[in-house]
Amino acid sequence: DAGVTQSPTHLIKTRGQHVTLRCSPISGHKSVSWYQQVLGQGPQFIFQYYEKEERGRGNFPDRFSARQFPNYSSELNVNALLLGDSALYLCASSADSFSYNSPLHFGNGTRLTVT
Amino acid sequence: QQQVKQSPQSLIVQKGGISIINCAYENTAFDYFPWYQQFPGKGPALLIAIRPDVSEKKEGRFTISFNKSAKQFSLHIMDSQPGDSATYFCAAEDDKIIFGKGTRLHILP
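Taken in sequence, the protein lines are chains A and B.
My numbering puts the first residue of the first sequence at 1, with every later residue one more than the last.
My numbering puts the first residue of the second sequence at 1, with every later residue one more than the last.
Keep in mind that the hints were calculated from the coordinates and are not lab data.
Careful, some of the hints might be misleading.
[Unchecked claim] Derived DSS-like pairs: lysine-lysine, alpha-carbon spacing no greater than 30 Å straight-line:
(1) A:LYS30 with B:LYS96
(2) B:LYS5 with B:LYS71
(3) A:LYS13 with B:LYS42
(4) A:LYS13 with B:LYS101
(5) B:LYS42 with A:LYS30
(6) B:LYS42 with A:LYS52
(7) A:LYS52 with B:LYS96
(8) B:LYS5 with B:LYS15
(9) A:LYS30 with B:LYS101
(10) B:LYS57 with A:LYS30
(11) B:LYS42 with B:LYS5
Next up, chain A with everything else stripped away, as it sits in the complex (with noise of 0.2 Å):
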């Protein structure tokens, strides 16, 4: 069984850029988080679908945004870059959007530089 895919892998972009990264749950999943993860810290939450409907916001300006789609996949995309968006972007699939129901598993995360 695939797992959660997450594209691209690794990403530059200039400060005051846009980026959008993708996400593909594990099939049957129809929860998807997004988690910033910076060097050396642990997965900070920024948001969670269930059903195409926001669940949670983690404390992100309004520059960060997501959406869901209707086979589940999500976008998570990101206005006007700065220095400190540098990091590694997580996704994770969950069947139920409460992880003591049903786990969370994460792709391996895109890493986003800004330069």
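Keeping the supplied structure of chain A fixed, place chain B upon it in accordance with the hints.
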């Protein structure tokens, strides 16, 4: 605001020894406490998890000890092996998940 504090930052253990990683939380609304293992270049993978109504959970060589009154929980890795060398994250969850900053574990062969 760091709601989950993890220690130590790094840990070196001899092969066959016991690795112990500790976490403390502040929010009493947290009701699920997972541990994740992350290898370089990979996303985190769920290792073991516990609910607050249980004081201990064991799966193979991995054990979570949970102290609700102290708001602390820990991961014990028995008979640590070189393949266990990775970064470990504790986490706590209510309606969203909060991760600790991680512990880099190195097992000496």
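Each hint, compared with the structure:
no.: 1; hint: A:LYS30 with B:LYS96; result: 17 Å, holds
no.: 2; hint: B:LYS5 with B:LYS71; result: 11 Å, holds
no.: 3; hint: A:LYS13 with B:LYS42; result: 22 Å, holds
no.: 4; hint: A:LYS13 with B:LYS101; result: 26 Å, holds
no.: 5; hint: B:LYS42 with A:LYS30; result: 22 Å, holds
no.: 6; hint: B:LYS42 with A:LYS52; result: 26 Å, holds
no.: 7; hint: A:LYS52 with B:LYS96; result: 17 Å, holds
no.: 8; hint: B:LYS5 with B:LYS15; result: 27 Å, holds
no.: 9; hint: A:LYS30 with B:LYS101; result: 28 Å, holds
no.: 10; hint: B:LYS57 with A:LYS30; result: 28 Å, holds
no.: 11; hint: B:LYS42 with B:LYS5; result: 23 Å, holds
Violated hints are absent here; each numbered hint is respected by the structure.
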